[in-house]
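Residue-level listing of the chains:
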Amino acid sequence: MKRKRVSWYTIPFLVLVLVLSACTAVPAAAPESAGPAAAVEPPSEPQAGGTLNVWQPNGWPEQSWPHRSNWESAWAISPMAEWLFWPLADGTLEPILGESLDISADGLVYTLHLRQGVTWHDGTPFTAADVVYTYELRLHPELRPLNEARQGRTIKGLMAYHEGTADSITGMAIIDDHTLQVTLDSPDAGLARLFFGDGTEIVPKHVIEALDQAQVLAGTADYWYTAPIGTGPYKFVKYETDQFIEYARNDSYWGGAVGPERLFLKIATPEVAVVQLQRGEIDLVNPLQLTEVTRLQAEAGIDILVAENNAQWYGLESNFFAEGGLWSDPRAKQAFLYSIDRQAYVDSILQGFGKVRHSFYDGTPYACPTMTTYDYNPEKAKELWAEIGIDPTTITIDLMGWPGIKARLDFLPIAQEYLRAQGFTVNVDVIDPSLIPEYTQGKAQRGTEWDFNVLLFGAGADPGTILPFISPDSTSNVSYRSWPEQPDATTGVKTNAQYYTNPALPDLIASAEIETDPQKRIEIYQQIDCVWNADLPAFMIASPSFVVAKSQRMQGVDWQANAGLGGWTKMYKPGDWWIWEQ
Amino acid sequence: MRYAIVFQSVQSNDDKKLMTKYIIQRILVSIPVFFGITLIVYALFALSPGDPVVNIIGYSAFVEMAPEEVAKVREQFGLNDPWIVRYFRWVSAAVQGDLGYPYKGSMSVADQLAERFPPTLLLMGASLTLALLIGIPMGIIMALKPYSLLDYILTVIAFVNLSIPSFFVGLSFIYIFALKLDLLPTYGMQTIGESFSLLDRVRHLIMPATILGVFNAGVWARYTRTSMLDVLHADYVTTARAKGLPEWVVIIQHAFRNSLLPLITIVTISLPALLGGAVIIETIFQWPGMGMLGYRATTTLDYPILMGITLVSATMILVSNLLADILYAVVDPRIRYN
Chain V
1 MKRKRVSWYT IPFLVLVLVL SACTAVPAAA PESAGPAAAV EPPSEPQAGG
51 TLNVWQPNGW PEQSWPHRSN WESAWAISPM AEWLFWPLAD GTLEPILGES
101 LDISADGLVY TLHLRQGVTW HDGTPFTAAD VVYTYELRLH PELRPLNEAR
151 QGRTIKGLMA YHEGTADSIT GMAIIDDHTL QVTLDSPDAG LARLFFGDGT
201 EIVPKHVIEA LDQAQVLAGT ADYWYTAPIG TGPYKFVKYE TDQFIEYARN
251 DSYWGGAVGP ERLFLKIATP EVAVVQLQRG EIDLVNPLQL TEVTRLQAEA
301 GIDILVAENN AQWYGLESNF FAEGGLWSDP RAKQAFLYSI DRQAYVDSIL
351 QGFGKVRHSF YDGTPYACPT MTTYDYNPEK AKELWAEIGI DPTTITIDLM
401 GWPGIKARLD FLPIAQEYLR AQGFTVNVDV IDPSLIPEYT QGKAQRGTEW
451 DFNVLLFGAG ADPGTILPFI SPDSTSNVSY RSWPEQPDAT TGVKTNAQYY
501 TNPALPDLIA SAEIETDPQK RIEIYQQIDC VWNADLPAFM IASPSFVVAK
551 SQRMQGVDWQ ANAGLGGWTK MYKPGDWWIW EQ
Chain F
1 MRYAIVFQSV QSNDDKKLMT KYIIQRILVS IPVFFGITLI VYALFALSPG
51 DPVVNIIGYS AFVEMAPEEV AKVREQFGLN DPWIVRYFRW VSAAVQGDLG
101 YPYKGSMSVA DQLAERFPPT LLLMGASLTL ALLIGIPMGI IMALKPYSLL
151 DYILTVIAFV NLSIPSFFVG LSFIYIFALK LDLLPTYGMQ TIGESFSLLD
201 RVRHLIMPAT ILGVFNAGVW ARYTRTSMLD VLHADYVTTA RAKGLPEWVV
251 IIQHAFRNSL LPLITIVTIS LPALLGGAVI IETIFQWPGM GMLGYRATTT
301 LDYPILMGIT LVSATMILVS NLLADILYAV VDPRIRYN
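Residue numbers (my numbering), protein chains in the order written: chain V, 1 to 582; chain F, 1 to 338.
I should point out that these hints are in silico values taken from the structure, not numbers from a laboratory. One or more hints might be untrue.
Within a straight-line C-alpha distance of at most 25 Å, the following computed SDA-like cross-link-like pairs (lysine to any residue) qualify [what the hints assert, rightly or not]: (1) V/Lys156 with F/Thr265; (2) F/Lys72 with V/Leu88; (3) V/Lys443 with F/Pro67; (4) V/Lys570 with F/Ser60.
Please model the entire structure based on the sequences and the hints provided.
In structure tokens form, the structure reads like this:
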């Protein structure tokens, strides 16, 4: 009897031992195309040939270029699609299909010079007509779903076209095949970077206008996933649903010779993508889960690339309805920040790949030169609570977030613990993204009494993105409309999301909106940032770095530039990437 | 011998007519049931909290768009109409073969379902076959040696199969067989960049089909064991043995056949999964089937796709129930359709 009992346990145990032995005793299989030993340096000149494999997360949800609204779809078309300019972190514009931009002294006329000698993948020359057609398609009133007309509202006739009362954007005039003139109703300093930047891939007019227009507007033309063409370094070959997108080298690329003959975007889950990187089947994993960094750093043939993120941060946005109460006093917000050890959050949740931020532009040239830093100081927090007459033990703070970016959501329980240590009662609500409108408009379980939600936020491509948060009537952006749905019912006044104002701001905003001189813009925005830094209309938590893993056989990657200003990572000059085959 | 005679009687003209009539009745009854299922599912989707517009245009666009722009998007997708109006609009188009387009993406729902059907059929067909080949013999062996060491070992194995989450098993398999042992491909249906070959397809099929098959084998082994134990003690089995029939004839022809009824129920109700797919395994192994499509549609509240999958699943449930009834008659002649 005793013998039998031992056997039952022994056999599964032996099986387990065998399996574990397989995992530990067998050395990792050499990848088919494993990177060379670290001691060997790659050649200084790019090599031609080979196949590049890049991870494509979450499939290819939106194939139609004018309809894409998520970064995965932008990443998927990056090898073939191009835009006019790439806005760089130093405030300049890198020419792509646009060559230069002249702005008149009054800031009302933009002359856009396009690159010459560019051809579409079918050999047709790229012209100014393609650019106008692209913008008119993206802003077409019958596009389904309608695209937001967030940028470019100052362009003459743009809103009339978008609202369906005009047949074209009158402010966009073709001068010749490679010159375009854009006329504005009022100066708009952010226009160059936000409207002509990387948000709009230029489409071939001669191809798209030959398609069924109803399908084009609905985004249902099969052209987008069967035969799309662009001007980029790679030509589309094939899309296998949820498997891969195949590209071939564009030998006529205007940017010069492209190395790899083929490029595959491989669709996989994050876990499988890392395994494929280790097996040499994928060359670039973007983004990399931070929990994988340490393990992969020890792997031969794999490089970890980190790009600092100065354009985004995780932050807390305050509830419009609660703004008039406790949080109307900036000292309460300052005490809130002093209460929480955000560096500990960076060190633990972000595994050190990030920076604590103290103002909207912290880390950029626009940052307040005399910035106050709100480093963890629980004693100072208590002093501030006492100074403004708040007894934390009598107050409940409700925090809200939604799944999507785990590191962002993970801040909430950490904040909860630190605030509890101050004496507050703290609730954390995690809701489905589709419930955000109900919750933020006070129609969910907390009513209008909740306090903050966590989000990813930042200046992105241009400092002008701050304006809707501090101005109800910014001309460069529409008003941020999380809540309320309509202007204030009693006063009829349209306000910004934070119900925030400061008498120092209107003049600064007015000059920021029209100032096109880069240096003068920096000075104005620094002053705005100082006001933000003191008033804290929203709380900054920390900027997460952009961390990727690549194989050592993949060369020519400038990841800091690739991360750009951080809004959406795209492929920065994929034509420069090449394979180091030994 | 007795069974052979009775089975023939099922095939008599009267019985054939009876069965045909029964099948027609069942199909006619299935029509309102089918519409009932789609109506209830549509209502559940429509009445569940959440605003699909947030997913259609994305959260950042949602908060940045002017209210009138958001209202127009809602109008474009017909979301302002009451759900019952939307349902009848959907169902009237669906019966004409038009399942519409998803909220995101350029490929129609019908095309997506058609594209996902073969991979799911292949994966689930392979796993079903594997499950039957493993589960039924395993169950018979367990029943023949109840409470023996072998029975306990197989029971433990069956429970282990049932208890370990499939995502864990999937990732473990990838880690062991793809990364460490380098025996099998990591994911997908074929080696990317290479032309199709049967061997390559089979290699890609091994891990997901095995995980799904072994899971079902555990379930079906337990059912087979229980069912066989009931039958093995029946008088007619004792009689068959007393007549001196070989043991395998007693087991297979007398005992196993009579234990099939509950198994038919279990296997046929598993058939809708053939098209419903295995959500987790298809997602982990990047198998482009219905399960992965359903997972994506659920996370983005893409109602047109979810309704398309519902339509297929409802059809499969009704068909498999009908199939179960027919198989009952084939296996057990005591069942009549009047």
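Fill in: Unsatisfied constraints (hint numbers, rising)
Going through the list in order, the structure violates hints 1 and 2 and respects the others.
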